[in-house]
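K.L.:
When you get a sec, could you build the whole thing from the sequences and use the hints?
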Amino acid sequence: MATPRKRRTQRSGKKLTRRTADKHKNYKIKGNAIIKANWDKKQTLMQNYRRLGLLTSLNRTAGGREVANPDTNPAAEEAMEEDQEPRELQDDDIEELKKTLKPGEGLIQRDDEGNVIRVIVGEAKSHNDILDAEPAPVEAKTDVVRALEEQAKNGVKNIKYQSEYQQSWIEQLIEKHGDDYQAMFWDKELNVMQLTEGQLRKKIKQYLKEHQQK
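The sequence shown begins at 5 in the numbering used here and counts up by one.
Hints are computed from structural coordinates only; laboratory data are not their basis. A portion of the hints provided could be inaccurate.
[Claimed, not checked] DEER-style ranges, computed between Cβ atoms:
id	residue 1	residue 2	range
1	Ala156	Lys34	14 to 24 Å
2	Glu153	His131	28 to 38 Å
3	Glu214	Ala144	25 to 35 Å
4	Glu117	Ala156	45 to 55 Å
5	Asn42	Asp191	49 to 59 Å
6	Thr104	Glu175	39 to 49 Å
7	Pro107	Asp191	27 to 37 Å
Glycine included, C-beta positions come from ideal geometry on N, C-alpha and C.
P.N.:
Listed below in structure tokens is the structure:
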């Protein structure tokens with residue numbers, strides 16, 4: 005007696021064999037022309053993205069990872085780290101270290117005798133500092149990423165213009181508070197949307213720039 009699965013196969017008249025299954029691999033790459041030109045069909049999605057210098061997801065990688073150099077000697081790595089002589093921290097180095105520390109975290113620098121030289125403590129950032137901070141530029145590691153960045157620079161920019169209502173609202177803020185952004189922030193009548201000082205500064209900067217061009 006035939007099973008229901010076998011009956012469906014008989015009715016369809018199609019049988020999935022190795023020959024028909026291999027046809028699924030002949031897929032076409034659609035989308036960006038730069039990625040399409042550098043895509044290797046013999047590699048997996050993760051292998052292609054890693055070779056091109058791209059990420060499949062901004063989140064953490066789930067599952068296992070392919071080890072590039074499984075025969076790396078840990079002792080050799082430790083020896084290379086020991087060969088690197090420590091250098092004196094400069095003011096720029098200290099500021100960079102502070103950015104990597106969270107509020108309440110700290111680093112203690114000691115001399116060869118164990119005496120404390122310096123204590124570097126992480127500082128809490130205000131909400132405006134976080135909004136106004138510009139991300140540090142990251143150097144492209146592959147030619148494909150550099151080509152994609154150049155393509156993005158030459159692309160069409162979507163310029164957002166302020167409406168008449170926004171312009172009228174900004175004019176009221178400037179007329180009442182001048183360039184006092186803190187007073188604008190605490191103005192409950194005009195700042196109904198509770199925009200931060202940084203957001204107000206950007207909107208007024210855009211307003212002044214548009215009116216200077218007219």
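K.L.:
Work down the list of hints and note, for each, if the structure agrees.
P.N.:
For each hint, the structure was consulted:
1. Ala156 to Lys34: 14 to 24 Å: 19 Å, holds
2. Glu153 to His131: 28 to 38 Å: For His131 against Glu153, whose Cβ atoms are near 30 Å apart, the range 28 to 38 Å holds.
3. Glu214 to Ala144: 25 to 35 Å: 33 Å, holds
4. Glu117 to Ala156: 45 to 55 Å: 53 Å, holds
5. Asn42 to Asp191: 49 to 59 Å: Hint holds: Cβ distance 53 Å, inside 49 to 59 Å.
6. Thr104 to Glu175: 39 to 49 Å: The hinted range 39 to 49 Å holds for Thr104 and Glu175, with Cβ atoms some 42 Å apart.
7. Pro107 to Asp191: 27 to 37 Å: Holds, since Pro107 and Asp191 (Cβ atoms, about 30 Å apart) stay within the stated range.
Of the numbered hints stated above, none is contradicted by the structure.
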